[in-house]
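**Q** So the chains spell out like this:
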Amino acid sequence: MTKPAPPPQAPVGDWATDFDLAEPEYNERAVEIWSDLRSRCPVAHTTRYGGAWLPVRHEHIRQIAYDTEHYTSRGVVVGNLRPIVPGPAGAAPPITSDPPFHGEARRLLLPAFAPKRIALLEPDIRLLCQRQLAKLGSVSAGDQIDAAVDYAQQVPGAVMARLLGLPETDHELFRGFVHDLLEGVNLPEDEMARRRDRFDAYLDEQIAAHRRAPQDDLTTFLSEATIDGQPLAPQHVRGTIALLLLAGIDTTWSLLGSSLHHLATHQADLKRLRENPSLLPTAIEEFLRAYAPATMARLVKQSHDFHGHAFQEEDWVLLPFAAANRDPEVFERADEILIDRAVNPHAAFGLGIHRCLGSNLARLELRVALEEFLARFPSFEPGDEAVRWSVGQIRGPRRLSLRLLEVQNPIAPETTIPRTEYTRSRS
Amino acid sequence: MRVRVDAQRCQGQNRCYALAPEVFDVDDLGQALVIATGSIPQSLEARVRLAAANCPERAITVSDDD
Numbered sequence: 511m512t513k514p515a516p517p518p519q520a521p522v523g524d525w526a527t528d529f530d531l532a533e534p535e536y537n538e539r540a541v542e543i544w545s546d547l548r549s550r551c552p553v554a555h556t557t558r559y560g561g562a563w564l565p566v567r568h569e570h571i572r573q574i575a576y577d578t579e580h581y582t583s584r585g586v587v588v589g590n591l592r593p594i595v596p597g598p599a600g601a602a603p604p605i606t607s608d609p610p611f612h613g614e615a616r617r618l619l620l621p622a623f624a625p626k627r628i629a630l631l632e633p634d635i636r637l638l639c640q641r642q643l644a645k646l647g648s649v650s651a652g653d654q655i656d657a658a659v660d661y662a663q664q665v666p667g668a669v670m671a672r673l674l675g676l677p678e679t680d681h682e683l684f685r686g687f688v689h690d691l692l693e694g695v696n697l698p699e700d701e702m703a704r705r706r707d708r709f710d711a712y713l714d715e716q717i718a719a720h721r722r723a724p725q726d727d728l729t730t731f732l733s734e735a736t737i738d739g740q741p742l743a744p745q746h747v748r749g750t751i752a753l754l755l756l757a758g759i760d761t762t763w764s765l766l767g768s769s770l771h772h773l774a775t776h777q778a779d780l781k782r783l784r785e786n787p788s789l790l791p792t793a794i795e796e797f798l799r800a801y802a803p804a805t806m807a808r809l810v811k812q813s814h815d816f817h818g819h820a821f822q823e824e825d826w827v828l829l830p831f832a833a834a835n836r837d838p839e840v841f842e843r844a845d846e847i848l849i850d851r852a853v854n855p856h857a858a859f860g861l862g863i864h865r866c867l868g869s870n871l872a873r874l875e876l877r878v879a880l881e882e883f884l885a886r887f888p889s890f891e892p893g894d895e896a897v898r899w900s901v902g903q904i905r906g907p908r909r910l911s912l913r914l915l916e917v918q919n920p921i922a923p924e925t926t927i928p929r930t931e932y933t934r935s936r937s
Numbered sequence: 317m318r319v320r321v322d323a324q325r326c327q328g329q330n331r332c333y334a335l336a337p338e339v340f341d342v343d344d345l346g347q348a349l350v351i352a353t354g355s356i357p358q359s360l361e362a363r364v365r366l367a368a369a370n371c372p373e374r375a376i377t378v379s380d381d382d
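Read top to bottom, the protein sequences are chains A and B.
Per the working numbering: the first sequence = residues 511 to 937.
Per the working numbering: the second sequence = residues 317 to 382.
Hints in this document: simulated from the structure, not taken from any laboratory.
There could be a bad hint or two in this list.
Said to hold, decoys possible - Negatives, chain B to chain A, calculated, CB over 10 Å:
1. Arg320
2. Glu338
3. Val350
4. Gly354
5. Ser355
6. Pro357
7. Gln358
8. Ser359
9. Arg374
10. Thr377
What the hints assert, rightly or not - In silico EDC-like links for lysine to aspartate or glutamate, alpha-carbon gap of 16 Å or less:
11. A:Lys811 with A:Asp577
12. A:Lys626 with B:Asp344
13. A:Lys781 with A:Glu916
14. A:Lys781 with A:Glu678
15. A:Lys626 with B:Asp341
16. A:Lys645 with A:Asp660
17. A:Lys626 with B:Asp343
18. A:Lys626 with A:Asp577
19. A:Lys645 with A:Glu678
Beta carbons are placed, not taken as given, at the ideal position from N, Cα and C, and that holds for glycine.
All chains, full assembly: derive it from the sequences and hints.
**A** Take a look at the structure:
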């Protein structure tokens, strides 16, 4: 079913009745907006994008995330058009797939992202972080850097390039794809189609190269994988690689940036973490809770009532997991960031069958990237330029100016970083 | 104290294994399982309760010994 074209975009009047995640104000003021909505209308609505809903209470977000009967994952990024579905897989399996196909597509990938397998990557990731910090060159105390551009976004890009076996030099391209596809929801459809085509063409070229010369990486693994003895459809292979690349980069980039932003603006936490690094595990879980970058979407399968709201078939429903994580009914002192919070069952990686496949990798990257950053720059504060937040469903700083107050010499790693046997070491 | 992971609810969030690896393990798919057999030693009870309280899927139940 198709919906009529949406009305031209106007500035948001009331976030309860006319919200728009593509407005820069949303990510800038997200915490205030959620708190306001939670107190007066726990499920906000907009007629933009052909109709969309924004629940902000933990209980509601949880209920929808667990309900695959009334909601489909066919579309997970809100746009003006509804995605056209190629079969049960959706455009980027398994995130766009529904049961039962979802389970098969996911099971294929789970071993490569299981905790013990991911742990093998720690030395490689540490070297990548050290190399990135060495690339900053000769900085000294008092200098300013952009920690979002020059560090936070570089690390996950380099890690995903290695896992997928894509040229690390294509790094700039990845950032372009992330920007093109996740921050451009209000562009005209022909422009969006052009951007998708550009990305697909890049991926097809890479997949073809891997078919000609198989490597020990996830692109080769997916090219050779089968479900029930059948090779994956070419769209499935491409869609999954697209998913791993996009979801693996900007989410981790966002959280790493948010964590550094928090430490710069909360000097007591920075000092405490520096003096007591054993707080890092709880600090990371707390950053995940409070700054959970991802909001996922669902589409309503059939019209139904949701706690007094008339959800219509093909309406979007957003799942802002960070709003769930700040619900005072579930978390004590929900809007305070406590880096030693012991009880913290946050939903940063989602809830239910679509739990972030890369959660173990994300945690590892965050820990190592923070450890290495703090080793090189034990002390820093906000720089002159104001932080600039992303626009859209992945929330995090895109520009993060920091003034370095204390600088240690870089650990310059070898230019070639050895590659840990990973994909083919499956038991 | 006894502890149980509901395999239907577990989605591999991996909080329990990180908090109490003496009691929980994860399989090749990242799903949690209890490796401790029988009653949980008293010295581990607090951490097992913490692991249960940190499970976002509410998949872990602790109960008193029969």
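**Q** Hint by hint, note whether the structure agrees.
**A** Each hint tested on the structure:
Arg320 of chain B, annotated as away from the interface, keeps every beta carbon of chain A farther than 10 Å; the closest lies near 17 Å. Residue-level check passed: Glu338 of chain B sits 15 Å from the nearest beta carbon of chain A, beyond 10 Å. For Val350 of chain B, the condition that its CB be more than 10 Å from all CB atoms of chain A holds, with the nearest at approximately 16 Å. No Cβ of chain A comes within 10 Å of the Cβ of Gly354 of chain B; the nearest lies about 25 Å off, and the non-interface call holds.
Against chain A, the non-interface label of Ser355 of chain B holds: every CB pair exceeds 10 Å, the least being about 24 Å. Taking the minimum C-beta to C-beta distance to chain A, about 20 Å, the non-interface status of Pro357 of chain B holds against the 10 Å cut. Once the 10 Å rule is applied to beta carbons, Gln358 of chain B is consistent with being away from chain A; the minimum gap is 19 Å. No Cβ of chain A approaches the Cβ of Ser359 of chain B within 10 Å, the least distance being about 18 Å, so the stated non-interface status holds.
At roughly 8 Å, the least C-beta separation between Arg374 of chain B and chain A is not larger than 10 Å, which violates its mark as non-interface. Its beta-carbon lying about 14 Å from the closest one in chain A, Thr377 of chain B satisfies the requirement of being farther than 10 Å from that chain. About 11 Å separates the Cα atoms of Lys811 of chain A and Asp577 of chain A, which keeps this hinted pair within 16 Å; it holds. For the suggested pair Lys626 of chain A and Asp344 of chain B, the alpha carbons sit about 8 Å apart, so the restraint of at most 16 Å is met.
Under the criterion of a C-alpha separation no larger than 16 Å, the hint pairing Lys781 of chain A with Glu916 of chain A is consistent with the structure, at around 12 Å. Our distance criterion of 16 Å between C-alpha atoms is broken by Lys781 of chain A and Glu678 of chain A, whose separation comes to about 35 Å. Annotation: proposed proximity of Lys626 of chain A to Asp341 of chain B holds, straight-line Cα distance about 10 Å (limit 16 Å). Among the hinted pairs, Lys645 of chain A with Asp660 of chain A is consistent with the structure: their alpha-carbon atoms are about 9 Å apart, no more than 16 Å.
Straight-line distance between C-alpha atoms of Lys626 of chain A and Asp343 of chain B comes to about 9 Å, which keeps the hinted pair within the 16 Å bound. Straight-line distance between C-alpha atoms of Lys626 of chain A and Asp577 of chain A comes to about 30 Å, which puts the hinted pair past the 16 Å bound. For the hint pairing Lys645 of chain A with Glu678 of chain A, the CA-to-CA distance comes to about 15 Å; that is within 16 Å, so the pair holds.
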